[in-house]
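Residues per chain are reported as follows:
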Amino acid sequence: MSETIRYGFYSGCCFQGADARFFDILKDVFAKVDVELELIEDAVCCGSGVIEERSELTSLAVNAKNMAHAEQMGLPLYTPCSTCYNVISNAQKRMKEDPAVHAQVNEILAEQGLEYKGTCKLTHTLWVFAQDVGLEKLKERVTNPLTGLRVASYYGCHTRNPADIQGYESADNPTSLEDILEVLGVQIVEYDTKDDCCGYHLAWPNNDLNMKMTSNVLEGAHTKDVDLMVTSCPLCFKSMDGTQAKALAQTGKNFQLPVLFLPELVGLACGMTSEDMMLKYHGVPVNLRL
Amino acid sequence: MIEKITPVRKSILANIRIQRFTPSEHKSAYFDNFKVSVETGMTVLEALRLIKNTQDSSLTFRAFCRSKICGSCAVRVNGKPVLACSTQLMPILEDFKKDSVSIQPLKNMPVLRDLVVDIEPVIEKLSKMHPYLMENRERIPETLEEESIMSKQEHSRFDYITDCILCGSCYSACSAASADPNYAGPLTLGKAYRFSADVRDSFQGERMQAAVDQGLWSCAQCRKCINVCPKDTRPAVSIQRMRKMSIDDGIHDTAGSRRAKAYTGDVAKYGQVNKPMLPVIVNGPKGWAAIEAAENYLKKHGIEPTLQVCTLGGQSSTQKIYDKVKELEAKGENKT
Numbered sequence: 001m002s003e004t005i006r007y008g009f010y011s012g013c014c015f016q017g018a019d020a021r022f023f024d025i026l027k028d029v030f031a032k033v034d035v036e037l038e039l040i041e042d043a044v045c046c047g048s049g050v051i052e053e054r055s056e057l058t059s060l061a062v063n064a065k066n067m068a069h070a071e072q073m074g075l076p077l078y079t080p081c082s083t084c085y086n087v088i089s090n091a092q093k094r095m096k097e098d099p100a101v102h103a104q105v106n107e108i109l110a111e112q113g114l115e116y117k118g119t120c121k122l123t124h125t126l127w128v129f130a131q132d133v134g135l136e137k138l139k140e141r142v143t144n145p146l147t148g149l150r151v152a153s154y155y156g157c158h159t160r161n162p163a164d165i166q167g168y169e170s171a172d173n174p175t176s177l178e179d180i181l182e183v184l185g186v187q188i189v190e191y192d193t194k195d196d197c198c199g200y201h202l203a204w205p206n207n208d209l210n211m212k213m214t215s216n217v218l219e220g221a222h223t224k225d226v227d228l229m230v231t232s233c234p235l236c237f238k239s240m241d242g243t244q245a246k247a248l249a250q251t252g253k254n255f256q257l258p259v260l261f262l263p264e265l266v267g268l269a270c271g272m273t274s275e276d277m278m279l280k281y282h283g284v285p286v287n288l289r290l
Numbered sequence: 001m002i003e004k005i006t007p008v009r010k011s012i013l014a015n016i017r018i019q020r021f022t023p024s025e026h027k028s029a030y031f032d033n034f035k036v037s038v039e040t041g042m043t044v045l046e047a048l049r050l051i052k053n054t055q056d057s058s059l060t061f062r063a064f065c066r067s068k069i070c071g072s073c074a075v076r077v078n079g080k081p082v083l084a085c086s087t088q089l090m091p092i093l094e095d096f097k098k099d100s101v102s103i104q105p106l107k108n109m110p111v112l113r114d115l116v117v118d119i120e121p122v123i124e125k126l127s128k129m130h131p132y133l134m135e136n137r138e139r140i141p142e143t144l145e146e147e148s149i150m151s152k153q154e155h156s157r158f159d160y161i162t163d164c165i166l167c168g169s170c171y172s173a174c175s176a177a178s179a180d181p182n183y184a185g186p187l188t189l190g191k192a193y194r195f196s197a198d199v200r201d202s203f204q205g206e207r208m209q210a211a212v213d214q215g216l217w218s219c220a221q222c223r224k225c226i227n228v229c230p231k232d233t234r235p236a237v238s239i240q241r242m243r244k245m246s247i248d249d250g251i252h253d254t255a256g257s258r259r260a261k262a263y264t265g266d267v268a269k270y271g272q273v274n275k276p277m278l279p280v281i282v283n284g285p286k287g288w289a290a291i292e293a294a295e296n297y298l299k300k301h302g303i304e305p306t307l308q309v310c311t312l313g314g315q316s317s318t319q320k321i322y323d324k325v326k327e328l329e330a331k332g333e334n335k336t
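Keeping their order, the protein sequence lines are chains A and B.
At position 289 of the first sequence (counting the first as 1) the number is 289 in the numbering used here, and the numbers step up by one without a gap.
At position 68 of the second sequence (counting the first as 1) the number is 68 in the numbering used here, and the numbers step up by one without a gap.
Rather than coming from a laboratory, the hints here were simulated on the basis of the structure.
Think of the CB as a built atom: it goes at the ideal place given N, C-alpha and C, for glycine as much as any other residue.
Mixed in with the good hints, there may be bad ones.
[Stated by the list, open to error] Lysine to aspartate or glutamate pairs mimicking EDC-like chemistry, simulated, CA-CA at most 20 Å apart:
#: 1; chain 1: B; residue 1: Lys324; chain 2: A; residue 2: Glu107
#: 2; chain 1: B; residue 1: Lys35; chain 2: B; residue 2: Glu25
#: 3; chain 1: B; residue 1: Lys269; chain 2: A; residue 2: Asp42
#: 4; chain 1: B; residue 1: Lys331; chain 2: A; residue 2: Glu107
#: 5; chain 1: B; residue 1: Lys231; chain 2: A; residue 2: Asp164
#: 6; chain 1: B; residue 1: Lys10; chain 2: B; residue 2: Glu39
#: 7; chain 1: A; residue 1: Lys137; chain 2: A; residue 2: Glu182
#: 8; chain 1: B; residue 1: Lys299; chain 2: A; residue 2: Asp19
#: 9; chain 1: B; residue 1: Lys331; chain 2: A; residue 2: Glu111
#: 10; chain 1: B; residue 1: Lys107; chain 2: B; residue 2: Glu94
[Claimed, not checked] Anything over 10 Å on all C-beta distances counts as not near chain A; from chain B, calculated:
#: 11; residue: Lys4
#: 12; residue: Leu59
#: 13; residue: Glu142
#: 14; residue: Phe158
#: 15; residue: Thr162
#: 16; residue: Lys320
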């Protein structure tokens, strides 16, 4: 029996509405590779980089609070959301570089008996699978290799940029997603728009531009005749799947490209069914030849 | 005892794929392959010069200072914008684990020939941002003998952007600029913030309007510009700060400013963003159409829709953080 890996689970805001299903999906898929998530009870929203547009200090303080709770639990902070990862990492980096700001944030947290020590480790789905679980163990658990499936891999921006917020892999040439996909048995297809941003965070301030950007990324993959796109970012997933029909209609394109959130594809390869992965809730129908 | 370090000098026979294009001759761009012995320490620019001198004199690229100061030699190497003069090839070959590397002109700008692009359209956008100081009489003394003094903290608000050399790397990396030709792009908005954040300036209003008109709220905060900037000027951070300034200046009638206020308020209230109601909060009554569409989507999948916000556990203690920050900001003691 191999050892269980545990994380402090920072859920973020991405799994609301129909996406609330991902709480169960994540839990079940992680169980397949001996990973357990323990909810960080007193967490608050990271602010998505938007609170900075009102007060940088507020953003730093709420995210220091999130990390302080993970430190108290003695566990690394795991978040499935790339933007949460980005915002919390940026806060961590900012306080590490500026001790005066770190001290002021702790002064704010002291009122609720909290201290952010600066020791909290942060991680994301990509590195949970590729590094902590490891490709070898993942390979052992793959019972249903997805051989022959042509897949476009899409990281999204917030686990990659800026380069100095993460120490896991090269920001210019990350390979964790492809490494995982290779273990799942799929055929990885290169395409031109892989490094482009889907524009999810423009959904409110400039929706038309968000739709154009999403459409551009999808079209790049579609022209390579892929079966599906897989992304490690739940927000990119919302753009690519949830708003795909609208994005393509607004830009005069006519195709359907199924998009999967990485844990779903891992689950399928580990023998879980389309029903287990609740694929029927996707905006774009997923009909895989499994 | 000082240990003598002997640098390991490596050499790889690499295939350099260079994008070629002469608008008057070619219908579309194509790649030429050149074999070059890449040695430890060799820069992209040195490789380009070697190819031009020994293999193909028609290869066209631009490079002036060769010292990371003029910004003229920016190109894309394996897709990433870099300064050719200050980027070594060996670490890239090692990072990508290949003995082949591609060199292309910057994106989002017209190609004049091979690796040379026309940066003029970007400079035109920049000129509309009023990138200069209009003197603030309260901070600039009457006589030349007196100095215009600013505190370290005031200086640090924009000091990091003054290093921008207008190389265009951030503009090339920007997906929003690719999708919307009217969007000003990171470097222009970064420069607008640089002047607006300067206490010696008195021109905020018009410059702010220029920034809003040219897409202050069209940045997706993907943060690629921070990654590629050779001078670490962090354009996306400047854009966040410019947005804050615009709201502080009273420009509340944009979807972006309404989102900023909603997120900030919601996190204090619920510990979470009130996603179900966001369409109405940001877009006004017409947002109800989006809520109805979302509800219909949920019903179609057998899920009962709710307008209840899904709160997070830290909800009860968040207001205390906000109050304390407000207190510090009111006293001018904010250290960010």
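**OP:** Quick one: which hint numbers does this structure break? Sort them smallest to largest.
**Re:** Hints 2, 10 and 16 not satisfied by this model.
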